[in-house]
Amino acid sequence: MMTTTPILDIDKLNISFSTYGHKSHTLFDVSMTINEGERVALIGQSGSGKTVTMRTIIGTLPMPPATIESGSIKYKGKELLSLSKRERDGLKGAGISIILQDPLLSFNPVLTIGKQMDDIVRFADIRYGQNRSADARKKHIIETLAKVQLADGAQIMGSYPMMLSGGMRQRVLIAMALLNKPKLLIADEPGTALDVTTQQEILDLLNALVRDEGLSLLLITHNLGVVREMADRVYVMERGHIVETGTLEEVFSAPKHPYTIKLMEAVPPLYGSRVRDIENKADKNTEIKISNISKTFVRRGGLLNRPIGEVQAVKNVSLEINRGDIFGIAGESGSGKTTLAKMLLGLYGPTSGDIQFNGKSLNELRGTVEFRKLVQIVYQNPGSSLNPKRTIADQLAVPLHFTGYDKAQIKGRVAQLLDMVDLPAHYASMYPHELSGGQKQRVAIARALSVEPEILVLDEPTSALDVLVQNTVIELLHRLREELNLTYVFISHDLSLMRNFCNKIAVMFRGEMCELGATKDVFANPQHNYTQALISSIPVISAEEENLKPKLTKQERAAVLATSTALGK
1 MMTTTPILDI DKLNISFSTY GHKSHTLFDV SMTINEGERV ALIGQSGSGK TVTMRTIIGT
61 LPMPPATIES GSIKYKGKEL LSLSKRERDG LKGAGISIIL QDPLLSFNPV LTIGKQMDDI
121 VRFADIRYGQ NRSADARKKH IIETLAKVQL ADGAQIMGSY PMMLSGGMRQ RVLIAMALLN
181 KPKLLIADEP GTALDVTTQQ EILDLLNALV RDEGLSLLLI THNLGVVREM ADRVYVMERG
241 HIVETGTLEE VFSAPKHPYT IKLMEAVPPL YGSRVRDIEN KADKNTEIKI SNISKTFVRR
301 GGLLNRPIGE VQAVKNVSLE INRGDIFGIA GESGSGKTTL AKMLLGLYGP TSGDIQFNGK
361 SLNELRGTVE FRKLVQIVYQ NPGSSLNPKR TIADQLAVPL HFTGYDKAQI KGRVAQLLDM
421 VDLPAHYASM YPHELSGGQK QRVAIARALS VEPEILVLDE PTSALDVLVQ NTVIELLHRL
481 REELNLTYVF ISHDLSLMRN FCNKIAVMFR GEMCELGATK DVFANPQHNY TQALISSIPV
541 ISAEEENLKP KLTKQERAAV LATSTALGK
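Position one of the sequence shown corresponds to residue 1 (the UniProt record's numbering), numbered consecutively onward.
Calculated directly from the structure, the hints in this document are not laboratory data. Each hint should be verified, as a subset may be incorrect.
Taking lysine to aspartate or glutamate and the EDC-like style, the derived pairs with C-alpha atoms no more than 20 angstroms apart in a straight line are [to be verified]:
#1 Lys78 - Asp119
#2 Lys74 - Asp89
#3 Lys407 - Asp422
#4 Lys147 - Asp212
#5 Lys12 - Glu69
#6 Lys342 - Asp212
#7 Lys138 - Asp125
#8 Lys139 - Asp119
The calculated label-pair distances, taken between Cβ atoms and stated as ranges, are [unchecked claim]:
#9 Ala151 - Arg211: 38 to 46 angstroms
#10 Arg479 - Asp125: 54 to 62 angstroms
#11 Asp89 - Arg211: 25 to 33 angstroms
We put the beta carbon where it would ideally sit given N, CA and C, even for glycine.
All chains, please: the whole structure from these sequences, using the hints.
Pasting the structure below:
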């Protein structure tokens, strides 16, 4: 139960960073209070100071280059900034615990889950003078796994991280945070790396733990829909300043600061008056025709890596994409959408069926310069899709070398491409690490456009970006489509974004296409129960959208996801 007794009290915290002799102020008089049993959200776009604040609380801020200029952080009345490193370490896991954003990166891949959890318990036992036996520690770990709804704790303990699904890894990560019975839980983007239905399960779990375990929660995120489902009170941070604070109702119903209003307006709506219906400007010429495509992979195992079975990733998918379409392919991880995209790009050959581009079979086009100039891809994470050791000019020039451009033409084309994606010409000499996430994605788009393709495959192109940067990239894609007469194949599990970006949509579930139609029709009246489950799981920021979503209970959603799909059911 929430009380008015502060468990965490931050008062006028000022932090600066020194790099190469230059000092920059990062946090400015940041003040924040979290009461016992309270759920507090800290929101803001990338670079606003959320992570610096979080790392200062838990004591992992690197000093140097960081310097705490002034301010106070008190946990249960105890000043944290005056504690020794050993004393601060003693609070980790026991007083304050954290759940990080990417569950896979939080684990040691070569140790079992049980070993990693046992190390946490043993470390706490040594620090606090306890001497629990191995059996007692195992019992405690299994009981903690049960709290996060992982019933077969013994099996989980014997598993390696790669053997678990994303949702299971996130639950194990939450269990690790609970092992030493903390009072304050910090959740750093806890659902960002997960599918929407799995994210909903994790949010429900965190809410239940706060209620049942007597925890306080600090939620750090830029997903305002998640905030609406999770928070009692909200702090809004912009460029190191707290610009607005209030109850959830106060901030979401009547935001006062222009930055808060800007954040709210940038969230793509799922339903309601703000929805952007994309005009269908596609002509009647079919550019891509997919006929009964299937893809089966051979599973291998054992000492000799012999075939032990088959997995059918895509099953008898047929659809047509017209020139000028923004065609969305939606579905969770494992639904087959990425496999379908790789077949469109010629990276996988179909097991059966056919793909045609402008009447020509992909079998004829694969590996040709004509096909390279016809279809290009923009990947999910611009940071990993760009070479960190090459300048932007070099990376934009690579495709041009294979398509007939000479040296003089390449230089002019690079300048033209940067202008096309609204980047200054001098960025040509820069390296990827010198650019922001949004700027890197613009470079990735420019590289895909360098050979003047007709079709762009967009594989989660904005999922690594915060909502304000996402908006600028989406507007850029709209403009480029108009100017260059492009066709987009947009692959995502973000249905809110699809609702406002695509004119047509196909929903995939376990390799099959379970729903297909105009985007506004699919959202207005979803026919398949899986589509209904997906839409009902999406966190929204207004009561209007909540009331218009399909109504499925937690149990009904689980039942849908547990059954096999059949078109029209």
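Hint-by-hint comparison with the structure:
no., hint, result
1, Lys78 - Asp119, "violated (27 angstroms)"
2, Lys74 - Asp89, "holds (15 angstroms)"
3, Lys407 - Asp422, "violated (23 angstroms)"
4, Lys147 - Asp212, "holds (10 angstroms)"
5, Lys12 - Glu69, "holds (10 angstroms)"
6, Lys342 - Asp212, "violated (45 angstroms)"
7, Lys138 - Asp125, "holds (13 angstroms)"
8, Lys139 - Asp119, "holds (14 angstroms)"
9, Ala151 - Arg211: 38 to 46 angstroms, "violated (20 angstroms)"
10, Arg479 - Asp125: 54 to 62 angstroms, "holds (60 angstroms)"
11, Asp89 - Arg211: 25 to 33 angstroms, "holds (29 angstroms)"
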